[in-house]
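Undergrad: Position chain B against the provided structure of chain A, taking the given hints into account.
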Amino acid sequence: MTAENGKLIIRLENIKRIYKVGVERIHALDGIDLRLFENEYVAVMGQSGSGKSTLMNVLGCLDRASSGYYELDGQDTTRLSDAELARVRNERIGFVFQSFELLGQLSALRNVEMPLIYSRDGWLTRRRRAKTSLERVGLGERIKHRPNQLSGGEKQRVAIARAMVCNPSILLADEPTGNLDSKTSESILELFDQLHREGQTIVMVTHEEHVAKHTKRIIRLEDGHICSDLAEEDDIIGRGDAEGKML
Amino acid sequence: MKALLSAPLVFVQLLYQSMYLALSQIWANKTRSLLTTIGIVIGVASVTAVIAALTGLKAQILSQVETFGSNTIIVQPQRPDKGPQSHLPWWNFRFKAEEFEDILEHCPSVARCSRVSYTGQNVRHGERSVKGVQIVGVEPSWHEVESRPIVLGRKLSMVDETRPVCLVEPQLRDKLRLDKDCIGESIRIGHNTFRIVGVIERREKMELGGDSREDEEAVVEIKFFLRRARRIKPGDHDTFRVDSLKSAIKTFNKIALVMTLVAGGIVGISLLVGGVGIMNIMLVSISERTREIGLRKAVGARRSAILTQFLVEAIILCFFGGLVGVGVGELLTLGIAGINPLLEKTYIPVWAIALSFGFAGSVGVCFGMFPAIKAARLDPIEALRHE
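Protein chains in written order, with my numbering: chain A, 1 to 247; chain B, 1 to 387.
It is worth saying that the hints were derived from the structure and are not from the lab.
Any given hint could turn out to be false.
As the list claims (entries may be wrong) - Simulated pairs of lysine-lysine, DSS-like, Cα-Cα distance not exceeding 27 Å: (1) B:K374 / B:K58; (2) B:K30 / A:K20; (3) B:K374 / A:K144.
To be verified - Some chain A residues judged to face chain B by a derived CB distance under 10 Å, without partners named: (4) I18; (5) V21; (6) G22; (7) F37; (8) N39; (9) F97; (10) S99; (11) L103; (12) R136; (13) G138; (14) C166; (15) S169.
The C-beta atom is built at its ideal place from N, Cα and C for all residues, glycine as well.
Just chain A, with the same shape it has in the complex (with noise of 0.2 Å):
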């Protein structure tokens, strides 16, 4: 466990998230206690079907919890309404996904601005925060181009800077270096590790330990539930795992 101290961005008490498929039911989550603080670096890790993704759904607030209790600064969200949901992902929460997502008939300038569009800023502060967000990302050159005029690691850095722009409590990436090749990957990962040095709160879903390395606390998920909950340097599965692919 990381150090307590900060604020307390995120509680997760008991979090159970279980689907009905016919008349079975699965639990993909299957009783989370999670606390996560204040400019934290955090990765999730597990295999395929270890609920990582049903975590993050949650996290974000795109998934509600089946049972348990998750608090988001301080606030309760699992009796918020649709409406109220949809305001907290506007306002708290930064997605990256593996794909990027980017509109393509859209300028990087205006995929930025998207999330703004739902919020209640008027056309020019959206404008400027949208370019302050591009500029952070390293992409103050290339607000004009579209998707299609940019290499991968360029249009993730367009993801973040749109994840990013809203100011959220908590960036979550969901294997943000899958699409792309390893030296693109690690630029996009200091990329992470630069705004995590800014103060920003990041989750981070991934499989590779190489991408791990570079956060500060590993959760690792196994049907549902965390396994192991490290610092990075404590962390002896990824470090074995590592030393044994170097063999």
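TA: Positioned in the frame of chain A, the structure of chain B alone reads:
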């Protein structure tokens, strides 16, 4: 209080966002949007053109009718459809001048009466001649029945009863190359020479009005009077017909209304087809943009925002179609007016334009609603996984 004030503001902002999104989407898919709206364009164009043609036809017919006055009653001989007389040649039924002599005494509802006979003749003045001019033989009282203004000279009067005098219309005067002031000149009509005493306007200015019940009474009186004057036995068919112009106008208005309704029905169907086109393209668009919808929801778009976005897109498409449709309708109307002189008065009334836009808008709302609801209900996680 603050919440109450901010509610409409939020709505306006939502609408503004939706229009912004819809316009950029339509602009991004220019060709598709254009093709989609063709159904609406055709629908709206045909609404406006049909309404314009009908209005024009009505105006034209009414203006012709108004040359007489609307409380004029026309009596003409007619061979009965049935009975032994139906085989006799038409000239057996011609009116005789004396039949109408004491009509004013016997028909209290008839104010004035003029016997009129029509014929076509060649008219000549010096070297110039005009063929097939309509010649109308009238009595002095005709001026009171059909109050066409005299431009020059005088009306016909009692003293003219036995004299060969005539009035000419300005058009005929010009064709014959007569002077502007042609009073006193002689022209030959057929084989007889007539002296011109005045120039008469082609068409009179009519004030509509009068009581239509009075008209009906007059019609009944005239029928009764003529049957006696023509010695038609009870049970035999009339050998004449009496038409009140007002009732003719009424009948025409009824026919025009029915025609408008029928045309409206046809046009309604074409708008329906256009609407289905819009719905189809919106459904296609939504399934294409499922991931986009998922993304928008993930970054904080509420259901209402997605709903409005797609609804506004459909409505804008329809309004755009309506706009183009009114333009095409205007062109069609000009074309119609050019082809047939009977329809030269064709124009698009403002209410028809309003109606077209109203239709287009409601088609947008009706047919855009289902796809928009479908989009708004998408689950963001599912939508983001969509291929």
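Undergrad: Tell me, which hint numbers fail for this structure?
TA: 1, 2, 3, 4, 5, 6, 7, 8, 12, 13 and 15
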